[in-house]
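These protein sequence lines map, in sequence, to chains A and B.
Using this note's numbering, the first residue of the first sequence is number 22, and each one after it goes up by one.
Using this note's numbering, the first residue of the second sequence is number 59, and each one after it goes up by one.
Please note that the accuracy of each hint is not assured.
What the hints assert, rightly or not - Using C-beta positions, here's what the derived DEER-type ranges look like:
#1 B:Leu311 x A:Pro88: 50 to 56 Å
#2 A:Lys42 x B:Val166: 56 to 62 Å
#3 B:Ser147 x A:Gln29: 35 to 41 Å
#4 A:Pro88 x B:Asn168: 43 to 49 Å
#5 B:Ile286 x A:Ser23: 40 to 46 Å
#6 B:Met133 x A:Ser23: 56 to 62 Å
As the list claims (entries may be wrong) - Derived, one-sided and incomplete: chain A residues facing chain B with beta-carbon distance under 10 Å:
#7 Glu50
#8 Asp52
#9 Gly73
#10 Lys90
#11 Lys93
#12 Gly99
#13 Met108
#14 Leu162
Stated by the list, open to error - Derived BS3-like pairs (lysine-lysine); straight-line CA-CA distance at most 25 Å:
#15 B:Lys142 x A:Lys90
#16 B:Lys92 x A:Lys83
#17 B:Lys229 x A:Lys90
#18 B:Lys142 x A:Lys97
#19 A:Lys93 x B:Lys229
#20 A:Lys210 x A:Lys90
#21 B:Lys142 x A:Lys87
None of these hints come from the bench; they were simulated from the model.
Being a predicted model, the structure only gives us computed values, none of them experimental.
Backbone N, C-alpha and C fix where the C-beta goes; we use that ideal spot for every residue, glycine too.
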Amino acid sequence: MSSVISVQDLNLELGNETILKDISFEIKEGDYCAVIGPNGGGKTTLMRAVLGLQSYSSGAVKLFGKPLKSFKDWNKIGYVPQRASNMDSEFPATVREVVCMGRSSGYSLFWKKDEEDVKAVNSAMELMEVQDLQDRRIGELSGGQRQRAMIARALVSNPEVLVLDEPNTGVDMVVQQKFYALLRELNKKRNITIILITHDIGVVADDIKSIFRVNQTLLASDTPHEVLSCDDMSELYGIHAHLVDGHSHD
Amino acid sequence: MIEMFEYDFMQRAFLAGIIISIISAIAGSFVVLKRYSLLADTLAHVSLVGVSIAILLDTSPVYMAIIVSVIAAWMIEYLRSYHKIYSDSILAIFLSGSLALSVIIISVANEFNSSLFAYLFGSILAVSSEDLILISIAGVLLLAIFVIFFRSFFFIAFDEEAAQTSGVPVKWLNFLLVTLVAIIIALSIRIVGTLLIGALMVIPVISALRFKKGFFYTVIIALAISLISVISGLSLSYHYSLPSGATIVAVVLGMFIASMLINRRG
Numbered sequence: 022m023s024s025v026i027s028v029q030d031l032n033l034e035l036g037n038e039t040i041l042k043d044i045s046f047e048i049k050e051g052d053y054c055a056v057i058g059p060n061g062g063g064k065t066t067l068m069r070a071v072l073g074l075q076s077y078s079s080g081a082v083k084l085f086g087k088p089l090k091s092f093k094d095w096n097k098i099g100y101v102p103q104r105a106s107n108m109d110s111e112f113p114a115t116v117r118e119v120v121c122m123g124r125s126s127g128y129s130l131f132w133k134k135d136e137e138d139v140k141a142v143n144s145a146m147e148l149m150e151v152q153d154l155q156d157r158r159i160g161e162l163s164g165g166q167r168q169r170a171m172i173a174r175a176l177v178s179n180p181e182v183l184v185l186d187e188p189n190t191g192v193d194m195v196v197q198q199k200f201y202a203l204l205r206e207l208n209k210k211r212n213i214t215i216i217l218i219t220h221d222i223g224v225v226a227d228d229i230k231s232i233f234r235v236n237q238t239l240l241a242s243d244t245p246h247e248v249l250s251c252d253d254m255s256e257l258y259g260i261h262a263h264l265v266d267g268h269s270h271d
Numbered sequence: 059m060i061e062m063f064e065y066d067f068m069q070r071a072f073l074a075g076i077i078i079s080i081i082s083a084i085a086g087s088f089v090v091l092k093r094y095s096l097l098a099d100t101l102a103h104v105s106l107v108g109v110s111i112a113i114l115l116d117t118s119p120v121y122m123a124i125i126v127s128v129i130a131a132w133m134i135e136y137l138r139s140y141h142k143i144y145s146d147s148i149l150a151i152f153l154s155g156s157l158a159l160s161v162i163i164i165s166v167a168n169e170f171n172s173s174l175f176a177y178l179f180g181s182i183l184a185v186s187s188e189d190l191i192l193i194s195i196a197g198v199l200l201l202a203i204f205v206i207f208f209r210s211f212f213f214i215a216f217d218e219e220a221a222q223t224s225g226v227p228v229k230w231l232n233f234l235l236v237t238l239v240a241i242i243i244a245l246s247i248r249i250v251g252t253l254l255i256g257a258l259m260v261i262p263v264i265s266a267l268r269f270k271k272g273f274f275y276t277v278i279i280a281l282a283i284s285l286i287s288v289i290s291g292l293s294l295s296y297h298y299s300l301p302s303g304a305t306i307v308a309v310v311l312g313m314f315i316a317s318m319l320i321n322r323r324g
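For reference, chain A alone in the conformation it holds in the complex (with noise of 0.2 Å):
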């Protein structure tokens, strides 16, 4: 399997402050990653910094194979940022036209709307469930129908790889159930990559392929058995950490 990301001695700071040390790893083709670590341990910065939505130190970053300032094929990855499930309600944005910004641009400046683009739209509407709710303004929407939504966006460009940061926030747990089955089915049946940054260890557990443990710097990346062990959480959170074993899918 070919790599989609590679991190070489990745090292941020700003001021006198260090965020980022000496961050290396390299995410495969077809694998369900989650980044894991304490609020404010660098998590959502690492994925923007990996991104090019914010200029680090030192290090390399490849996205598939190609230096990241050098990459242009930007519709090959969907990201769904942190901020999504609480953005501004007055937002004068029907589901349609939220999902429909997905196919704004991939190579060109000047976007046309195709039959292809069309179809895309309607497909990646039906996906997620959201077909039902075009009409409606995405600010009128519940968390989950939101969270859909914005997924079906990244989603309509037909991506290689997906970026979600936090995308459960204020989701009740009924609705992450359903939202993780998805994400399941797309990394499964779509060989969709992809990369969560959660907190919901023991959720993801049952589905990722591999955790990166994420405080300042890369603590640990391997598979979730592991790396979920009571003493590494106590070491990643600085608590004491009790692990509770969970169900599994399969």
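Once you've looked at the hints, dock chain B against the given chain A.
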């Protein structure tokens, strides 16, 4: 009503006003949604510096206003994007700084007179044939640019970072948008005046937002409000000999109050 169109200056004022109302409503839609409403007001004050320089040098106020506004727009966007200074702080500096500068230049030129008054508050008599040709050509070009980049500007207004990770050249388009706004404002000073153009760009959009529609229909409603305000404002200005800019803004304020009343449940 019809007899006012017998005058060439009224025909020119209406044509220029209609073009300006269309492009300012579209530009205003993006500016308001980016929480950048004061940009229009700030660039309007900056354009006054251009007018002052033109009066001092006895050259074309509109062209000078375009040059000065575009340079200021780039400086504002550069400071916002690359130096991470709060947008409202940058706008406050440029707004008061440019007003101070223009007052100094006008004092040096010793030109505190009625011609300056026309640039501050707009005048239906002020649109010359050359102005109308410039406004028409620029209007068509600006409209074409907005049509081409409509989706990208919308995506950036919705979520700048998501747009960037989708391959939209966000920084480049942000510079383009402030450039377009600067040009529209400089073109509008004849009709609406530098102190009032900000209102024409922003209030129709805020009124349209009260109808709680999607983006496309919000722009259409803003466009309709802007057009009605300019046409009614110019007519009232002619009939009651009022400054055109102030009359247009008074009408657009009335439209805003009406939109609040119609949608008071929201």
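Structure-based check of each hint:
1. For the pair leucine 311 of chain B and proline 88 of chain A, the beta carbons lie near 53 Å from each other, so the given range of 50 to 56 Å is met.
2. Lysine 42 of chain A and valine 166 of chain B have their C-beta atoms about 57 Å apart, which keeps the hinted 56 to 62 Å range intact.
3. Between serine 147 of chain B and glutamine 29 of chain A the beta carbons are some 38 Å apart, a value that agrees with the proposed interval 35 to 41 Å.
4. At about 60 Å, the beta-carbon gap between proline 88 of chain A and asparagine 168 of chain B misses the expected band of 43 to 49 Å.
5. A hinted range of 40 to 46 Å for the beta carbons of isoleucine 286 of chain B and serine 23 of chain A is inconsistent with their spacing of about 58 Å.
6. Checked against the given bound of 56 to 62 Å, the beta carbons of methionine 133 of chain B and serine 23 of chain A, roughly 45 Å apart, lie outside it.
7. Taking 10 Å as the C-beta cut-off, the interface hint given for glutamate 50 of chain A is violated, the closest approach to chain B being about 19 Å.
8. Nearest Cβ of chain B to the Cβ of aspartate 52 of chain A: about 19 Å, over the 10 Å cut. The hint is violated.
9. Evaluation of the glycine 73 of chain A hint against chain B yields a held restraint, the C-beta minimum of about 7 Å falling below 10 Å.
10. Among the interface hints, the one on lysine 90 of chain A is violated; its C-beta lies about 14 Å from the nearest C-beta in chain B, farther than the 10 Å criterion.
11. The restraint placing lysine 93 of chain A at the interface with chain B holds, with a minimum CB-CB distance near 7 Å, inside the 10 Å limit.
12. About 8 Å separates the beta-carbon of glycine 99 of chain A from the nearest beta-carbon of chain B, less than 10 Å, and the hint is met.
13. Because the beta carbon of methionine 108 of chain A sits about 8 Å from the nearest beta carbon in chain B, less than 10 Å, this interface hint is met.
14. Residue-level restraint check for leucine 162 of chain A is violated (minimum Cβ-Cβ distance to chain B is 13 Å; threshold 10 Å).
15. Taking the CA atoms of lysine 142 of chain B and lysine 90 of chain A, the gap is near 21 Å; set against the 25 Å cutoff, the hint holds.
16. Between lysine 92 of chain B and lysine 83 of chain A the CA atoms are separated by roughly 31 Å; this puts the pair beyond 25 Å, and the hint is violated.
17. This hinted pair checks out: lysine 229 of chain B and lysine 90 of chain A have alpha carbons roughly 15 Å apart, not beyond 25 Å.
18. Between lysine 142 of chain B and lysine 97 of chain A the alpha-carbon distance is near 29 Å, which puts this suggested pair outside the 25 Å criterion.
19. Annotation: proposed proximity of lysine 93 of chain A to lysine 229 of chain B holds, straight-line Cα distance about 15 Å (limit 25 Å).
20. Proposed proximity of lysine 210 of chain A and lysine 90 of chain A is contradicted: the alpha carbons are some 31 Å apart, above 25 Å.
21. Taken as a hint, the lysine 142 of chain B and lysine 87 of chain A pair is broken in the structure, with Cα atoms around 29 Å apart against an allowance of 25 Å.
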